[in-house]
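Here's the letter readout for the chains.
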Amino acid sequence: MSDEEIINRTKNKEYGKLAKHLYRYFPVIQKFILKNSGTKEEAEDVFQDALIIFFNKVNNGAFKLESTLNTYLFGISKNLWHVQLRKRKNEIVSDLYTVNSASIENDINSAIEENLKFQKALEAVSSLGDRCKSLLLMFYYKKMSMAEIAKKTGVSSEKLVKNQKYRCIEKAKEIYSSLN
Amino acid sequence: MKFNTEIIDKYILNQLPESEKNEFETELSKNKSLQAEVEAQREILKGIEQLGMRTEVKNSIKKTKVGKLVKNTLSVSIAIALVAAAIYLVTKKVSSKQNTKTLYELNEKGEGNWALADKVLKSQIFQIDPKKDTIIETNSGIIFQIKANNFLNKFGEVPEETIDLEVKEAMTASDIIQAGLSTTSNGELLETGGMFYINARSGKEVLNIDQSKPLRVNVPSVTDKQMSLFEGQRLENGDINWINPKPMKKQLATVDITKLNFYPPHFLDSLEMMGFDRKNKKVMDSIYYSFAAQSICGELDYPVQQAPAQQAPAIKDSASNNIRALTGVTVEKKDVQQEIISGAISTRPALTISSDRNSSVEVEIDGEKLFKRNCSTCHIAHTHQKLTGPGLLGIEDRAPKGDWLIRYIMNSEKLIKSGDKYANKIYEENGKGAMTVFEATLTEKDIKAILSYIGSVKPAKLPRTGPSCIAEINPSRIKAIWDEKFNGTILATKEFEERMQVIFSTCNQDIFNLYVQNLNSNLFELDSIAAFVYGGDSKEKFIEFYKRHDGGVDIADDQNANLQKYLREKKTIYEESIRNALNKLYKNEADLANKAAKNRAEYKTELNANQVNLLFEEIDTNLDEAYRQLGKKRPTVQSSSSFQSAVVSNSGWHNVDRYVIEATVNRSTLNYTDTSTGKVARIEYATTKIKVAGYENYDKLVCYLLTDKLSSFQFMKDSAQTFTERLNQTFANSIIVVGYKGDKTFYKDEKYAKAQEYMFDLEEIESETLVRRINSRYDFTGTQNVMKDIDFNLIERKETIRMAKIESREKLRSRIFSIVYPCKQQLPDDVGFDQ
Numbered sequence: 001m002s003d004e005e006i007i008n009r010t011k012n013k014e015y016g017k018l019a020k021h022l023y024r025y026f027p028v029i030q031k032f033i034l035k036n037s038g039t040k041e042e043a044e045d046v047f048q049d050a051l052i053i054f055f056n057k058v059n060n061g062a063f064k065l066e067s068t069l070n071t072y073l074f075g076i077s078k079n080l081w082h083v084q085l086r087k088r089k090n091e092i093v094s095d096l097y098t099v100n101s102a103s104i105e106n107d108i109n110s111a112i113e114e115n116l117k118f119q120k121a122l123e124a125v126s127s128l129g130d131r132c133k134s135l136l137l138m139f140y141y142k143k144m145s146m147a148e149i150a151k152k153t154g155v156s157s158e159k160l161v162k163n164q165k166y167r168c169i170e171k172a173k174e175i176y177s178s179l180n
Numbered sequence: 001m002k003f004n005t006e007i008i009d010k011y012i013l014n015q016l017p018e019s020e021k022n023e024f025e026t027e028l029s030k031n032k033s034l035q036a037e038v039e040a041q042r043e044i045l046k047g048i049e050q051l052g053m054r055t056e057v058k059n060s061i062k063k064t065k066v067g068k069l070v071k072n073t074l075s076v077s078i079a080i081a082l083v084a085a086a087i088y089l090v091t092k093k094v095s096s097k098q099n100t101k102t103l104y105e106l107n108e109k110g111e112g113n114w115a116l117a118d119k120v121l122k123s124q125i126f127q128i129d130p131k132k133d134t135i136i137e138t139n140s141g142i143i144f145q146i147k148a149n150n151f152l153n154k155f156g157e158v159p160e161e162t163i164d165l166e167v168k169e170a171m172t173a174s175d176i177i178q179a180g181l182s183t184t185s186n187g188e189l190l191e192t193g194g195m196f197y198i199n200a201r202s203g204k205e206v207l208n209i210d211q212s213k214p215l216r217v218n219v220p221s222v223t224d225k226q227m228s229l230f231e232g233q234r235l236e237n238g239d240i241n242w243i244n245p246k247p248m249k250k251q252l253a254t255v256d257i258t259k260l261n262f263y264p265p266h267f268l269d270s271l272e273m274m275g276f277d278r279k280n281k282k283v284m285d286s287i288y289y290s291f292a293a294q295s296i297c298g299e300l301d302y303p304v305q306q307a308p309a310q311q312a313p314a315i316k317d318s319a320s321n322n323i324r325a326l327t328g329v330t331v332e333k334k335d336v337q338q339e340i341i342s343g344a345i346s347t348r349p350a351l352t353i354s355s356d357r358n359s360s361v362e363v364e365i366d367g368e369k370l371f372k373r374n375c376s377t378c379h380i381a382h383t384h385q386k387l388t389g390p391g392l393l394g395i396e397d398r399a400p401k402g403d404w405l406i407r408y409i410m411n412s413e414k415l416i417k418s419g420d421k422y423a424n425k426i427y428e429e430n431g432k433g434a435m436t437v438f439e440a441t442l443t444e445k446d447i448k449a450i451l452s453y454i455g456s457v458k459p460a461k462l463p464r465t466g467p468s469c470i471a472e473i474n475p476s477r478i479k480a481i482w483d484e485k486f487n488g489t490i491l492a493t494k495e496f497e498e499r500m501q502v503i504f505s506t507c508n509q510d511i512f513n514l515y516v517q518n519l520n521s522n523l524f525e526l527d528s529i530a531a532f533v534y535g536g537d538s539k540e541k542f543i544e545f546y547k548r549h550d551g552g553v554d555i556a557d558d559q560n561a562n563l564q565k566y567l568r569e570k571k572t573i574y575e576e577s578i579r580n581a582l583n584k585l586y587k588n589e590a591d592l593a594n595k596a597a598k599n600r601a602e603y604k605t606e607l608n609a610n611q612v613n614l615l616f617e618e619i620d621t622n623l624d625e626a627y628r629q630l631g632k633k634r635p636t637v638q639s640s641s642s643f644q645s646a647v648v649s650n651s652g653w654h655n656v657d658r659y660v661i662e663a664t665v666n667r668s669t670l671n672y673t674d675t676s677t678g679k680v681a682r683i684e685y686a687t688t689k690i691k692v693a694g695y696e697n698y699d700k701l702v703c704y705l706l707t708d709k710l711s712s713f714q715f716m717k718d719s720a721q722t723f724t725e726r727l728n729q730t731f732a733n734s735i736i737v738v739g740y741k742g743d744k745t746f747y748k749d750e751k752y753a754k755a756q757e758y759m760f761d762l763e764e765i766e767s768e769t770l771v772r773r774i775n776s777r778y779d780f781t782g783t784q785n786v787m788k789d790i791d792f793n794l795i796e797r798k799e800t801i802r803m804a805k806i807e808s809r810e811k812l813r814s815r816i817f818s819i820v821y822p823c824k825q826q827l828p829d830d831v832g833f834d835q
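Here the protein sequences come in this chain order: E and F.
Okay, so the first sequence: first residue is 1 according to the numbering used here, each after it adds one.
Okay, so the second sequence: first residue is 1 according to the numbering used here, each after it adds one.
Worth flagging that the hints you see were computed from the coordinates, not collected in a lab.
Errors might be hidden in some of the hints.
As the list claims (entries may be wrong) - Calculated cross-link-like contacts (lysine-lysine; reagent style BS3-like; alpha-carbon spacing at most 27 Å):
id: 1; chain 1: F; residue 1: 547; chain 2: E; residue 2: 151
id: 2; chain 1: F; residue 1: 46; chain 2: E; residue 2: 13
id: 3; chain 1: E; residue 1: 151; chain 2: E; residue 2: 171
id: 4; chain 1: E; residue 1: 151; chain 2: F; residue 2: 58
id: 5; chain 1: E; residue 1: 151; chain 2: F; residue 2: 109
id: 6; chain 1: F; residue 1: 21; chain 2: E; residue 2: 171
id: 7; chain 1: F; residue 1: 63; chain 2: E; residue 2: 152
id: 8; chain 1: E; residue 1: 133; chain 2: F; residue 2: 62
id: 9; chain 1: F; residue 1: 131; chain 2: E; residue 2: 152
id: 10; chain 1: F; residue 1: 131; chain 2: E; residue 2: 173
id: 11; chain 1: F; residue 1: 204; chain 2: E; residue 2: 152
id: 12; chain 1: F; residue 1: 58; chain 2: E; residue 2: 120
id: 13; chain 1: E; residue 1: 11; chain 2: F; residue 2: 32
id: 14; chain 1: E; residue 1: 133; chain 2: F; residue 2: 122
id: 15; chain 1: E; residue 1: 31; chain 2: F; residue 2: 58
id: 16; chain 1: F; residue 1: 32; chain 2: E; residue 2: 173
id: 17; chain 1: E; residue 1: 152; chain 2: F; residue 2: 58
id: 18; chain 1: F; residue 1: 122; chain 2: E; residue 2: 151
id: 19; chain 1: E; residue 1: 13; chain 2: F; residue 2: 10
id: 20; chain 1: F; residue 1: 109; chain 2: E; residue 2: 159
id: 21; chain 1: F; residue 1: 10; chain 2: E; residue 2: 117
id: 22; chain 1: E; residue 1: 151; chain 2: F; residue 2: 30
id: 23; chain 1: F; residue 1: 21; chain 2: E; residue 2: 142
id: 24; chain 1: F; residue 1: 58; chain 2: E; residue 2: 171
id: 25; chain 1: F; residue 1: 598; chain 2: E; residue 2: 143
id: 26; chain 1: E; residue 1: 64; chain 2: F; residue 2: 58
id: 27; chain 1: E; residue 1: 13; chain 2: F; residue 2: 62
id: 28; chain 1: E; residue 1: 171; chain 2: F; residue 2: 30
id: 29; chain 1: E; residue 1: 40; chain 2: F; residue 2: 32
id: 30; chain 1: F; residue 1: 62; chain 2: E; residue 2: 11
id: 31; chain 1: E; residue 1: 40; chain 2: F; residue 2: 246
id: 32; chain 1: F; residue 1: 700; chain 2: F; residue 2: 598
Throw the hints in and build the complete structure from the sequences for me.
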């Protein structure tokens, strides 16, 4: 899969397949994070965030890859980890991997920044109950029909599902507005 | 119009009808709070998008991660398709619906997409009571083991009603191809061992497997390679991608333990060659278990290796004590076992008892034979161990010097009565049991030969003649596990049967215990421990076993504990009961042999006396006859040798007496002419010969000469297969021949035997009938003695047969011994026996 194809498939929202494919870049990132006071779990979280940032960047405006995707993802991960370490204080980051050009660094930083705007909504939705979350995901993310959702969740009528869905959205809005 | 969440949602999703949309937009343009509301709702939808993305990425990475790790460690994986989730076994199939394609509208995910495989493969439906443990076996032999309460509905509850368990399987290449199942995992090709689908429903509702209680599945293995179980992931295009492999362990299939072979290697083959029926487990068991007492160090009261008549080995011998002292080895090694299990490996000191087979002892063969025939019933030559009589090791050193031993052996009673101090001491020490008098049966030369034999046998020779103590796999341990109680454990598997053969060859009780005491472990784990602990020749074999990765058999902790308790109890009980039984047997045999020897000695003494008397009787009778023929009255003197001086004083008749005595002793015809009267005294002896047809076929032939004049019988001399005797023609002579063959008796007689040659063809006759017939045919005074002698011979025959049986049994035992205890050197075939 070429980097270009990956970008195209990102626009098609084939996130799962892509994540699997891009997992090949993970070992380098993991090595870096393990060398710099991180754990394997933290490395996974960082890698995942990096993928999300990349996907969002592609889907939210003109994205132009100026390096290889590998370099790009590594750059994001490295920056994310820098932030983490700064929060922990006293941790010194190895500069061994800082080989990216300034323009790439800028791209990376803007991508990370842009991604922050989703944080509040994500937090609101994430703090919903499991039932609400899965219901909303089925409808809005997986684009399932009300009938399918009713069947899958074992709810007797579509109407009940619909009502439940709206209640979930209202709840999310409530949480959203309470966050600042 | 009320602008609630629903309207906003529809507006954002562009689902409002045109009129409503316009109305909404008009309102939106002027209503700030509605604007905020719509904006917030848009944000929420973005949040949902982000969450969905994250969830998808996270799940994808998680699965990829596992796949990668496993792929790195397994070069070949075998796909076992598991669509819903997987597990273990089943007893009976309740129904199998044929030719149904997809029975249900929704798949295990509650979705409507079915793969080609779902449509092509037949469903097998098992109806299961959800609250009971169930084992099901599918058409192709996949076994699912389902525990009670294994399936839960969407509320996390166990369904009340019967569950339909749907299984589809594609275990052959053609099934797989027909079903269009892929054999790739993330694009990599798998070597498949078959695929199956399983899904449980209560009514139409799809049930979940309780994650704390995964099902177990046993798949028939097509290969020894390590297989993995892959989960099937439905792809949108209807394909199934195999992901998330889990290594499978080979769950062992248990069989009826009593049908397995836990005998040592070659045991059955060897016994079969010896003429036993290997299928007769009762007999095989009794032979095998009889060796259980063999390996108990220092605990036996009776030697078990040999028949009493050939008593030789002593279990409580100094050699084995020395070995124990040197090595500190005791029979029980529980502690060591525990350590092995906990991982701290401790090896026991190697126990090697060297068997000095090359040091053949130079003995005069006569002495050894004589010892075994006459002494071994009551004495052991090699040790101080007491049987009926004391052990004879070092007897010549401790007994008084000179000819004391010879005199004592000849007639101990006489020596004791004479007040001999040492003789009386021995008498007291041995429970005032008198020793057999051997005067009549043994010569001084014989006794010297025996003593030289005893002196030549050294205690160091013991391992050659019998095991001292053995720390190998004891048959009693096998008996304890070879029991239905162990059905359903790792022991009741073909795999363990195979290992057992190797365990035998290690001769290491600890390795046996390792397997037996860890029923809840996987065989391959135990193999690895065995390979590690045991450094011997079999190490490689255990490593091979380990590589097969044979699993275990699930067993509840309490069942394991119960079985271990049972084992500990049985082990001791079996050992003791077998040892007791053997001791009893040998004691019984020793008693019988003692009794027979005593009878034999008594009878022989009596017989000897009879035969001596008989000569005097005949002389006496002949004298009477001679005087009668000469017409003279016989002087009233006894013709006993002790009265010879009195006879000599009567010079006139001296010659006659001497002639008669000479003639009688030589059994030659007396032809005496009285010089004073011219009368002749003639007592003719003429030769009679008896030949017996098939002489060599009889175990024993006795030819009695019975006369009307004498009080007992006389044996006809056997020379060159012909019974020959010169018969006194003044007597009425009868000849009786009795033959013995096995436990059968044969007989032929000639009531009026003449001076000629007879050919006897003996007839078989019941021994009781024989005695009765002789009694009725002959009213001579000697008849009683003939009957007595026949009785004696019958008893002796039985005794001989009994001893022969014991002998062959012990010979057999000594051959089997090396099979049961393969690490001991083979006992020489001639141990204790010489034929």
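Can the restraint linking residue 151(E) and residue 171(E) be considered satisfied, given a maximum Cα separation of 27 Å? Holds, because 24 Å separates the two Cα atoms, which is no more than 27 Å.
Is residue 46(F) within 27 Å of residue 13(E), Cα to Cα? Holds, at about 14 Å.
Given the hint that residue 21(F) pairs with residue 142(E), does the C-alpha gap stay at or below 27 Å? holds, 25 Å
Is it true that the CA of residue 62(F) sits at most 27 Å from the CA of residue 11(E)? Given that 27 Å is the threshold and the Cα spacing comes to 23 Å, the pair holds.
Residue 151(E) and residue 58(F) were given as a pair; does the straight-line alpha-carbon distance stay at or below 27 Å? The given pair, whose Cα atoms are some 26 Å apart, holds under the 27 Å limit.
Holds or violated: residue 131(F) to residue 152(E), with C-alpha atoms at most 27 Å apart: holds, 25 Å
Hint consistency between residue 151(E) and residue 109(F) [alpha-carbon to alpha-carbon, up to 27 Å]: Judged against 27 Å, a Cα distance of about 11 Å means the pair holds.
Does residue 151(E) sit within 27 Å of residue 547(F), going by the straight-line distance between their CA atoms? Violated - the C-alpha atoms of residue 151(E) and residue 547(F) are around 48 Å apart, more than 27 Å.
Pair hint residue 131(F) and residue 173(E), alpha-carbon separation not exceeding 27 Å: Not satisfied, since the Cα-Cα distance of roughly 45 Å exceeds 27 Å.
Does residue 40(E) pair with residue 246(F) here, judged by a C-alpha cut-off of 27 Å? holds, 21 Å
Run the distance test for residue 133(E) versus residue 62(F): straight-line Cα separation, threshold 27 Å. holds, 20 Å
Straight-line alpha-carbon gap residue 64(E) to residue 58(F), limit 27 Å: holds, 25 Å
The structure fails hints 1, 10, 13, 14, 22, 25 and 29 (numbered hints given earlier, in ascending order).
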